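There are 2 protein chains.
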Amino acid sequence: MLNEKIKKHISKLHQKKYREEFCEFLIEGVKCVNEALDCADVDIIVIDGKRRDEPQMKNIIEKANKKDVQVIFCARTDIGDIKTTETFSGVLAVADTLDIIFEDLRDGKPIIALEKIKDPGNLGTIIRTADWFGLYNILLSEESVDPYNEKVVRSTMGSMFRTKIFQSKKIVHTLEQLKKDGYTIIGLSSEGASLDSLKLQSKTVYLFGSESNGLSKEAREKLDSILSIPGNGNAESLNLAISAAICCYHISL
Amino acid sequence: MLNEKIKKHISKLHQKKYREEFCEFLIEGVKCVNEALDCADVDIIVIDGKRRDEPQMKNIIEKANKKDVQVIFCARTDIGDIKTTETFSGVLAVADTLDIIFEDLRDGKPIIALEKIKDPGNLGTIIRTADWFGLYNILLSEESVDPYNEKVVRSTMGSMFRTKIFQSKKIVHTLEQLKKDGYTIIGLSSEGASLDSLKLQSKTVYLFGSESNGLSKEAREKLDSILSIPGNGNAESLNLAISAAICCYHISL
Chain A
12 MLNEKIKKHI SKLHQKKYRE EFCEFLIEGV KCVNEALDCA DVDIIVIDGK RRDEPQMKNI
72 IEKANKKDVQ VIFCARTDIG DIKTTETFSG VLAVADTLDI IFEDLRDGKP IIALEKIKDP
132 GNLGTIIRTA DWFGLYNILL SEESVDPYNE KVVRSTMGSM FRTKIFQSKK IVHTLEQLKK
192 DGYTIIGLSS EGASLDSLKL QSKTVYLFGS ESNGLSKEAR EKLDSILSIP GNGNAESLNL
252 AISAAICCYH ISL
Chain B
12 MLNEKIKKHI SKLHQKKYRE EFCEFLIEGV KCVNEALDCA DVDIIVIDGK RRDEPQMKNI
72 IEKANKKDVQ VIFCARTDIG DIKTTETFSG VLAVADTLDI IFEDLRDGKP IIALEKIKDP
132 GNLGTIIRTA DWFGLYNILL SEESVDPYNE KVVRSTMGSM FRTKIFQSKK IVHTLEQLKK
192 DGYTIIGLSS EGASLDSLKL QSKTVYLFGS ESNGLSKEAR EKLDSILSIP GNGNAESLNL
252 AISAAICCYH ISL
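Sequence order for the protein chains is A and B.
Numbered per this note's numbering, the first sequence finishes at 264, counting up by one with no gaps.
Numbered per this note's numbering, the second sequence finishes at 264, counting up by one with no gaps.
Take the hints with a grain of salt, since some may be wrong.
It does not matter which identical chain is meant; a pair holds if it fits inside one copy or across any two.
[Stated by the list, open to error] Only pairs whose alpha carbons sit at most 27 angstroms apart, straight line, appear in this in silico BS3-like list of lysine-lysine:
id : residue 1 : residue 2
1  : Lys-42    : Lys-228
2  : Lys-129   : Lys-42
3  : Lys-181   : Lys-129
4  : Lys-19    : Lys-191
5  : Lys-18    : Lys-180
6  : Lys-18    : Lys-214
7  : Lys-27    : Lys-180
Just so you know, these hints were derived from the structure itself, not from any lab.
These figures come from a predicted structure and were not determined experimentally.
All chains should be built: construct the whole structure from the sequences, respecting the hints.
In structure tokens:
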């Protein structure tokens, strides 16, 4: 059974400040919990007691037992406090946040960098897309949405456990450091040469601005070049996740 | 002032059945209302009375006056019934639905076809992205989300007025008709040859399956070929709007 202490602990993890304090976050849903068991350090799994006999729950219980992860069954009355979605999907995990440091990103492979990204769905989708294309290095600026936010976690569809997400405290300093290491910094914007003209090379950062304000003046000063996604239609702009996806596709061609 | 009769009419338009009955839909926000005034038949504009002196509202009022569109100012107490977003953006329009028939799609240019798409954000983003790449022909199957759904309209960012969205009553019949007209039907799926191998030609339909079930068996029987988006990472799938965007980019290269 889910005791009050654990229930309270889980409900605290809905808030960023507690996720940071405990270095833990919540993962909901069969697919994501399975991925977490494969790739992350899971502390506890909570399963809706009424659904414990469903085959997919049984699989999770078996996998958790093999890894010595505690499984707790909860009552329907507990769900309101712990669920991360409107309709609880029956299983939730508490896992340790991933400990990605700057060094992890500096392996020479492309880096997808995001400045002040605000929309959790956009960030989750970008992580999932980057994982599809085998681009595992993701750099987030200060003031970006928390990658351990429940909606981000959900929309990565498990990909967050396979990518390396480094949260910079000051992205212009991180970019400076990468430039010293021989990285080229390419900004993506609505102006600039066409993405088609890009000559692929190792050690490249692809930097995207925020949904509302684009690239900041300070970040622009660090760029080696600016590229844009060619379009011959009339829309004023593309959604950020769409721009990032097209860039990921192009650089993986 | 906003009288009860108009307020009631607007609040009905939150529901699909009334949108279909009245052939009208709601558009909220400065950008979308401006686009609607440029491209659609707008019946009424409602503006938050307390914001009527803001420059962007003044622009809308001026444009509406030139087009003989009635502008009504509403009280803060009216907003709850009419708004389409959590935080009302200050301006809302009632416009006639666009009257797109099958013939409008048969101009030989590429058609982006979507089978049972359910997520309004995905549909809106696909419309916006297609407009960016100058791909204006969009075919929706039966049981797809209503393109006049408020969230779809909002996420098109005005692009829905520039694209031609045809809602088929039975997509397999529509595909058959297009094949008779000489169209090639290409399905996008996780299996199939790489999108890179695509030889561009006129009269092509690019068909995408639903978020949860992919392409249906019946639709698959109409395909001339199946293509997939190449990825060398580990994510199991791509988000539908992302797949469609990469396809749009590729065919407009």
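Output the indices of the hints that this structure fails to meet, ascending.
4, 5 and 6
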